[in-house]
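Make a model of the complete structure from these sequences and hints.
If you're matching them up, the sequences are chains V and Z in order.
The first sequence begins at 3 in the working numbering and counts up one residue at a time.
The second sequence begins at 33 in the working numbering and counts up one residue at a time.
For the record, the hints were derived by calculation from the structure and aren't laboratory data.
A portion of the hints provided could be inaccurate.
Unchecked claim - When the alpha-carbon atoms are kept at most 16 Å apart in a straight line, the in silico EDC-like pairs for lysine to aspartate or glutamate are as follows: (1) LYS117/V to GLU172/Z; (2) LYS13/V to ASP142/Z; (3) LYS117/V to GLU170/Z; (4) LYS103/Z to GLU40/Z; (5) LYS107/V to GLU161/Z; (6) LYS107/V to GLU172/Z; (7) LYS117/V to GLU173/Z; (8) LYS13/V to GLU62/Z; (9) LYS107/V to GLU244/Z; (10) LYS13/V to GLU196/Z; (11) LYS37/Z to ASP101/Z; (12) LYS13/V to ASP138/Z; (13) LYS103/Z to GLU30/V.
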Amino acid sequence: MARAAHPDAMKPRGPQRTRTAPPTAPAEFPFAGRYRTYTLFDWTGIVYLLAGLVALRVVWALGSGESAWSTLQQQLANPLYLAFHALSLVAVIFVGVRFFRLFPKAQPARIGPVKPPPQPVLHAMLYAAWVVVSGGLALVLAGGIF
Amino acid sequence: MAEKKTFEITRFDPDRDEAPRTETYEIPVEPDWKVLDALNFIKDEIDSSLSHRWSCRMAVCGSCGMMVDGKPTLTCKKPLSEYGNRVSVAPLSNFPIVRDLVTELDGFMDKFQKVKPWIVRAKERAVEEGTHRQSPAELEEFKQFSMCINCMLCYAACPVVTNEPDFLGPAAIALGHRYNMDSRDQGSHERNEIFRGEGTVFSCSYANECSEVCPKHVDPAAAVNQAKLNAVIDWATSFVVSREKE
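Shown next as structure tokens:
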């Protein structure tokens, strides 16, 4: 048998007419089949939490003087940090692609009199925005702007 | 000679069994059979005590939803040829089990009624005024969501339903959204309050499984996530637009 669902899942509000067996969770949830992708998507939250902590550490080092900043830069060159940032990149791309796939159909048919563009156009707009923002950030990091 | 397949079927008799168990049947199957045909063969020829729901046999009534090889499946629609030699059939996940493959539906009906799945009018139109007219474009806005046959496969696939008993669930929200989008309806504020309240639409984490398993391509995940945005817009506009005057 599959693992149990919440014992009150889909339970009627009134008294049940017969004794029932408790509900079970979908057999593939959470680690098999299509649920694997969904669970991985959820787990990327841990990566973002850690990335947020790293960002706080960077801000703290910036406010703590030049030596703290250069120490942090040395630490960030550590292979473990590099591996973590590579993992963060993979997580961002994974979530981005999933979000871009699901976002267009979540748009309502209209908001007041305004209708959203067709789904393929929305798709293209999302990817175009991603390319433009990534390109802009790459230019900033390369010293091309500012 | 007909091919043989083995079926592992969940059995549960509330008068005798403490918990569901599995029983195995080996039966000859025809190439054109659906999963439901095999269940009916077992009931007719081998074990008349087997309980399962079915009615129309043409994917319209939504009665015969079950877990086949762990996936929510409309058994009258799914060809048996798509499975291997061993096929497991279990009652829909996330529902209490009444007997064998039959699940308790009252919880679903409770959720269903909450979203007021009917046209709400502030003032009913007099018969002399004629019918409510609707353009094809207005119909198109919600038609997809009105194709639901209440088979409940979406509930069996939803990981939020697994963990949050108060969640209204995909089909009920899709139906509420369908009426919110109907040009004849004036009850969207009432429904949006329900969507924002207990069993909130915001519990949905957009796993999209409901849409993956929907046999009628209703796309409940789209409806739920459109309903989220509409519920927020309705809340925001409630500060500037008086509901009484509408």
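Hints and how they fare:
Only pairs whose Cα atoms come within 16 Å are accepted, and LYS117/V paired with GLU172/Z is accepted, the gap being roughly 13 Å. The hinted pair formed by LYS13/V and ASP142/Z meets the criterion: a straight-line CA distance of about 9 Å does not exceed 16 Å. Between LYS117/V and GLU170/Z the CA atoms are separated by roughly 12 Å; this keeps the pair inside 16 Å, and the hint holds. Distance hint between LYS103/Z and GLU40/Z is fulfilled; the C-alpha atoms sit about 14 Å from each other, no more than 16 Å.
The suggested pairing of LYS107/V with GLU161/Z is violated, with an alpha-carbon distance near 37 Å, which exceeds 16 Å. Pair hint LYS107/V plus GLU172/Z holds up; C-alpha atoms about 15 Å apart against a cutoff of 16 Å. About 11 Å separates the Cα atoms of LYS117/V and GLU173/Z, which keeps this hinted pair within 16 Å; it holds. Using a Cα cut-off of 16 Å, the hinted pair LYS13/V and GLU62/Z is violated, with the two alpha carbons roughly 38 Å apart.
The suggested pairing of LYS107/V with GLU244/Z holds, with an alpha-carbon distance near 14 Å, which does not exceed 16 Å. For the proposed pair LYS13/V and GLU196/Z, the alpha carbon gap of about 11 Å is at most 16 Å, so the pair holds. At roughly 13 Å between alpha-carbon atoms, LYS37/Z and ASP101/Z fall within 16 Å of each other, so this suggested pair holds. With a C-alpha separation of about 7 Å, the suggested pairing of LYS13/V with ASP138/Z holds against the 16 Å cut-off.
Under the criterion of a C-alpha separation no larger than 16 Å, the hint pairing LYS103/Z with GLU30/V is consistent with the structure, at around 8 Å.
In this structure, the earlier hints numbered 5 and 8 are contradicted, and the remaining ones agree with it.
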